[in-house]
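Number of protein chains: 2
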Amino acid sequence: MSHTKSNNKSGEFDLIARYFQNWPTFSDTQTLVPNGDDCLVIKSQSPLAISVDTIVEGVHFLKNSPPHGIGYRALATAVSDLIAMGASPSFFTLALTFNKNETWLKEFSEGLKKAAQDFKIDLHGGDTTQSITDNAIITIQVHGECEHPILRSTAQVGDLICVSGFLGDAAAAIPILEKETLSIYDQSLLHAFYYPAPPINLIPALATQVNSAIDISDGLLADLMHICKQSQVQATIDTSLIPISQANLTTHSTKQALEYALTGGDDYQLCFTIPNRNIKWAQQNKCKVIGSIIEGNPDIFDQHRFHYYQAAAT
Amino acid sequence: MSHTKSNNKSGEFDLIARYFQNWPTFSDTQTLVPNGDDCLVIKSQSPLAISVDTIVEGVHFLKNSPPHGIGYRALATAVSDLIAMGASPSFFTLALTFNKNETWLKEFSEGLKKAAQDFKIDLHGGDTTQSITDNAIITIQVHGECEHPILRSTAQVGDLICVSGFLGDAAAAIPILEKETLSIYDQSLLHAFYYPAPPINLIPALATQVNSAIDISDGLLADLMHICKQSQVQATIDTSLIPISQANLTTHSTKQALEYALTGGDDYQLCFTIPNRNIKWAQQNKCKVIGSIIEGNPDIFDQHRFHYYQAAAT
Chain A
0 MSHTKSNNKS GEFDLIARYF QNWPTFSDTQ TLVPNGDDCL VIKSQSPLAI SVDTIVEGVH
60 FLKNSPPHGI GYRALATAVS DLIAMGASPS FFTLALTFNK NETWLKEFSE GLKKAAQDFK
120 IDLHGGDTTQ SITDNAIITI QVHGECEHPI LRSTAQVGDL ICVSGFLGDA AAAIPILEKE
180 TLSIYDQSLL HAFYYPAPPI NLIPALATQV NSAIDISDGL LADLMHICKQ SQVQATIDTS
240 LIPISQANLT THSTKQALEY ALTGGDDYQL CFTIPNRNIK WAQQNKCKVI GSIIEGNPDI
300 FDQHRFHYYQ AAAT
Chain B
0 MSHTKSNNKS GEFDLIARYF QNWPTFSDTQ TLVPNGDDCL VIKSQSPLAI SVDTIVEGVH
60 FLKNSPPHGI GYRALATAVS DLIAMGASPS FFTLALTFNK NETWLKEFSE GLKKAAQDFK
120 IDLHGGDTTQ SITDNAIITI QVHGECEHPI LRSTAQVGDL ICVSGFLGDA AAAIPILEKE
180 TLSIYDQSLL HAFYYPAPPI NLIPALATQV NSAIDISDGL LADLMHICKQ SQVQATIDTS
240 LIPISQANLT THSTKQALEY ALTGGDDYQL CFTIPNRNIK WAQQNKCKVI GSIIEGNPDI
300 FDQHRFHYYQ AAAT
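Protein chains in written order, with numbering that gives the first Met the number 0: chain A, 0 to 313; chain B, 0 to 313.
Hints listed in this document are in silico derivations from the structure and should not be mistaken for laboratory results.
Think about it this way: if two alpha-carbon atoms lie no more than 30 Å apart in a straight line, the pair counts; the simulated BS3-like pairs of lysine-lysine are: (1) K113(B) / K287(B); (2) K62(A) / K113(A); (3) K62(B) / K119(B); (4) K112(A) / K285(A); (5) K119(A) / K42(B); (6) K99(A) / K62(A); (7) K99(B) / K113(B); (8) K42(A) / K42(B); (9) K99(A) / K62(B); (10) K99(B) / K62(B); (11) K99(A) / K99(B); (12) K113(A) / K285(A); (13) K62(A) / K62(B); (14) K42(B) / K112(A); (15) K62(A) / K99(B); (16) K119(A) / K42(A); (17) K178(A) / K105(A); (18) K42(B) / K228(A); (19) K99(B) / K178(B); (20) K112(A) / K42(A); (21) K178(A) / K254(A); (22) K112(B) / K42(A); (23) K285(A) / K254(A); (24) K228(A) / K287(A); (25) K119(B) / K42(A); (26) K228(B) / K42(A); (27) K112(B) / K285(B).
Just need the whole structure built from these sequences, with the hints factored in.
What follows is the structure, given as structure tokens:
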């Protein structure tokens, strides 16, 4: 534990202390032993939801991406998994393997800290190590208090299928990541890519309002299919109801924009199912109903195309 | 969470399921939601001790090191931090960034599983990602139940200083890591390097027997100095009492063997301080008394060399 361990014999690692220690606290996590001993010791009143994610420069994001956005995105995408369990963000650890200059580290830490503030989650140590290349590798483990876990496997026949936010923006940004002159719409799409906004405001009500949930990281169809398979139900959706942003529709053809929304991924919005009676809650929270759960083989039926996605794929 | 997430689009990552899923359980960790949802959810009766470690091929271990040993060592060195807090190993996550063939993955997983069995700790998911080089990067986060954390900052004047195991063997192995013909002593040193044996047997009694503890990862002097600084005490040690193995003494000069024991690091044995009355417990558990805690500036006095290490270094 701690950012001061033996791996960090190089002088540049003194910078870690400057940029990653003594942050303000954003959550009410109870720390019995803070960093600086062999372990961190925390006390949790509730069961703990845990998720680990690694992103690799050159694989999950372009080389020389803006470090502020990479820092923000690394944490926001991890927190998205907590939200999808109905867990309240508590703390995270950071394992950073890198070989960068101080400017990179400073901006990365500022993006990370901004996400920590937005999602009310505390950094409690980690490890920093030297990369043999100049590609950064970032592993974040998030922890959240989770009294009532929300599963993928508990969607009920008759549930309405809802999604938060706009879908497809992050995927629509990928073709323009290296564009030099950006329109206002381009900027909006890039912002969706680097600054995902998983719906943290939904957390307090999720346990009482929804029957199942998953975060949309692989694309709506792929992730909704996880709910179908794990709940042994079928989904029927009206693709014209999927929320697609003006930026996406302006920058790409309608068909392409919908394709990004269906299969692009990297949305980090929530897909969830609710009993009919909770539709008002969903609408008040700016979530859109896009279909419903029916009996049948695990599959997704597209009411516009008269198309079964799973059956067509196999 | 889970080893089946979006990062793993490449076919080779199907191997992850083969080698890292459905392991037997070695601890009694209570899992409310196992892998396969957005998060793992665990329930812990006690406060949780947490430590994160990353090792990078080509930085922390040689390229083309035996994968079984790397797997074992990655987990054993992380568990060492739990032991130094008096925490009982519970579960760990694995973030593996790699680009290797199936044989490597199989042997790595077998070494990791052997350590999991030896230290009674369960693998609960993680993430696997593709490396852009053929160097593996392994991040392990260990979690242990820790009702009574044992700190570095609570050594008492009058305490005896003890160490477990032999010190210096792993460091003594480094010059011979690439040697082709190995004597029986060489093999013993290499074994100490790849298969560290932190003293898990001590855990149940640590909370009642010892006043402070640290795991020896940077070398006895560096780590004992952490206790001195954090407890604001001085240590006086008799270096002739430091346990050094026959293998180390046979392979290296006495002076060099002692140097490895004092400053080599990578021992993953325990350095701890006890009240006088607990000396029998330490001896019964094959730990050696090497000195005592006295009043004074944070420093280590070497009774043989009449030498203050900290004062000499600054």
